[in-house]
Amino acid sequence: SQKIEQNSEALNIQEGKTATLTCNYTNYSPAYLQWYRQDPGRGPVFLLLIRENEKEKRKERLKVTFDTTLKQSLFHITASQPADSATYLCALASGTYKYIFGTGTRLKVLA
Amino acid sequence: GAGVSQSPSNKVTEKGKDVELRCDPISGHTALYWYRQSLGQGLEFLIYFQGNSAPDKSGLPSDRFSAERTGGSVSTLTIQRTQQEDSAVYLCASSLEGGVGNIQYFGAGTRLSVL
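Protein chains in written order, with my numbering: chain A, 1 to 111; chain B, 1001 to 1115.
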């Protein structure tokens, strides 16, 4: 069955460093992959979308890579700030309109 | 505001009671999703509405769950005879069009607690 794995352990990093979050998947060939940010008590907020034929996408301090051979996406936040502390979800397209979401990785940026 | 609105934000109910959760999508958005998020779990797809097409109800966990979308806008998720395992956050999302290339805009969710 289709499976998405995100590191369930919280990631703590020092302010100013680059945070790297991982999303691995199996039994799956998604055409699109999205990353969302979720703060406590709130719904997810869209950050980036990347297509299967794109290796990398950037937006300000954010960068996403999509390796369809390794079946992995990496999400980077450069020059991290305490305000970046949140849970980050990856979501993989399944079919024409559905997304399957990972459980998310909680990031804490320490001042 | 212009975002997705969900009500109530919190709902506490007794086992066996029926509950109705409401979602007001962004105006003009044709696609609407319902998800369930349990503690430590990913978002679980429940149902998808797109325009006037028949909804995809494949994610509804049991026949106690139903949803409708009136006039292509507001949607209501109904859970009959609630059980303790129904306790979760129910999230609604809308997108301008159906299709995986579109961004989903989420509401803040309804936190349901079944005692």
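It is possible that some hints are incorrect.
Stated by the list, open to error - Distance condition first, Cα-Cα at most 30 Å in a straight line; then the derived DSBU-like pairs of lysine-lysine: (1) B:K1057 x B:K1017; (2) A:K59 x B:K1017; (3) A:K3 x B:K1017; (4) A:K71 x B:K1057; (5) A:K108 x A:K17; (6) A:K57 x A:K98; (7) A:K59 x A:K3; (8) B:K1057 x B:K1015; (9) B:K1011 x A:K17; (10) A:K98 x A:K3; (11) A:K55 x A:K98.
Don't read these hints as lab results, they were simulated from the structure.
Now the hints, each set against the structure:
Note on B:K1057 and B:K1017: the hinted pairing holds, with a Cα-Cα distance of about 22 Å set against a maximum of 30 Å. About 46 Å separates the Cα atoms of A:K59 and B:K1017, which puts this hinted pair outside 30 Å; it is violated. For the hint pairing A:K3 with B:K1017, the CA-to-CA distance comes to about 34 Å; that exceeds 30 Å, so the pair is violated. Among the hinted pairs, A:K71 with B:K1057 is consistent with the structure: their alpha-carbon atoms are about 29 Å apart, no more than 30 Å.
Between A:K108 and A:K17, the direct Cα distance comes to roughly 12 Å. Compliance with the 30 Å bound is thereby established for this hinted pair. At roughly 22 Å between alpha-carbon atoms, A:K57 and A:K98 fall within 30 Å of each other, so this suggested pair holds. For the proposed pair A:K59 and A:K3, the alpha carbon gap of about 27 Å is at most 30 Å, so the pair holds. The hinted pair formed by B:K1057 and B:K1015 meets the criterion: a straight-line CA distance of about 24 Å does not exceed 30 Å.
A hinted pair counts as satisfied when its Cα atoms are at most 30 Å apart, and B:K1011 with A:K17 does not qualify at roughly 40 Å. Between A:K98 and A:K3, the direct Cα distance comes to roughly 14 Å. Compliance with the 30 Å bound is thereby established for this hinted pair. For the proposed pair A:K55 and A:K98, the alpha carbon gap of about 22 Å is at most 30 Å, so the pair holds.
Checked against the numbered hints given earlier, this structure breaks hints 2, 3, 9; the rest are met.
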